[in-house]
Amino acid sequence: MNNEQAKFILRAYRPGGHDAGDATFGAAVEQARRDPALGVWFAREQAFDAAVAAKVRTVAPPAGLREAILAGACMSRPPAAEAARPRWRPAVWLAMAAAVAVLLSVVSVRWFRNAGPGAAPLDAMARFALADPLSAHTGPHADKLGAFGAWLQNPANAISTMPDVDLAQLKADDCRAVTIAGHEVFEICFQRGGAWYHLYLARAGGGSGAPAFEEQAGRSVVSWTSRGLACVLMTGGGADALRHIL
Amino acid sequence: MGSDAFTQLVDANYAPLYRFALSLARNQADASDLTQQTFFIWATKGQSLRDASKAKSWLFTTLYREFLRGRRRDVRSTALEDLPPDEADPPAPAVDLVAALDAETVVAALQEVDEVFRAPLTLFYLEELSYQEIAAALDVPIGTVMSRLSRGKTQLRAVLARRGQGTRDNVVPFSTQQVRKAP
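Top line first, the protein sequences correspond to chains A and B. Just so you know, we're using the numbering used here here: the first sequence kicks off at 1 and counts up by one. Just so you know, we're using the numbering used here here: the second sequence kicks off at 1 and counts up by one.
Rather than coming from a laboratory, the hints here were simulated on the basis of the structure. Take these hints with a grain of salt, some might be off.
Residues from chain B shown here face chain A by an in silico Cβ test under 7 Å; the list is partial [stated by the list, open to error]: (1) Arg19; (2) Gln28; (3) Trp58.
Even glycine gets a Cβ: it sits at the ideal position worked out from N, Cα and C.
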């Protein structure tokens, strides 16, 4: 092996010493020990790599990203995880039986929020929105979405009067999308009056539902269904800000 | 996988995954999306992975595939054959110069490296994966990873040297200030 071949191999040798036990590098490292010129080159290469790696490691993820991952992934888990639990737990069954009566009393109210098979679960979308980091903006995604993006950012437009949205077009426009409980949900961030808003859209069943507001840890969401879409709007500016643009 | 184990998996990996995503996507919002999406996929599919020790590689592989899937096939995509030929190995910028640059500048320099080299180079500097694991994550032969690391470093050195030169040009040496005289 000549020195050029050794350099080629040693450039893949991580600066933290993680590859010390890897036989692939053994001969090249040994050659760097024996050859002073190669040894100097290797030491400089390692020092340079260590300096770059140290800088890269200091990049911190945006605040709230971890919480968003945990909240979102929790909602995306398949029900199989639940099935792994013991099937017969009397206390649970008793509690369930008691809950049925309560559920029956509210199911007619909640039904529109989970609008049938194939529809995105609105409550899951709202919970995801409440955990989504608002701090990760570099620019409004609405800027990339043509007329619809412009419509969202026009302060004269009430969001509840949103025109028909073509989800396939959003996809074609490379709109951001996340998976919530197995459903594709499009996420559009936009600004009005200097405040940030996130709008989440997914396919819903028929019918429409009145807006429902929720607040948690400084985030406010309003969720509703309209014209075949499940819609959730979130801001860190408070429920009044949502009502103002709704 | 229970919720505690999942939380541990997230805690151990979300920061390096985000850094990898930031290098690829070149903006915070898309990097956050990519990182979240990767864990969503884990939550729905990844738990079937039998060998838990491979979870980290799986996550990096999945993030990279999601990046490729979501990216438009536009001018940002650079084919290897479009790149200039490999240059002679330029001298590495002084280590103290790199140390003097802030992390944002170094990451920005990394983001200037052609995408085909940037992915393996970022994984290399994250130090999370071996070159074999990088090859598996990017679905390229081991020799290709080594070659791309070599060429990627060449590009990175050139960018850092340029940025470092800019930094130096903005600094007026103290001795120069002393000899200036008012007109």
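Hints and how they fare:
1. Arg19: With a closest approach of 5 Å, the B/Arg19 hint holds.
2. Gln28: holds, 5 Å
3. Trp58: violated, 14 Å
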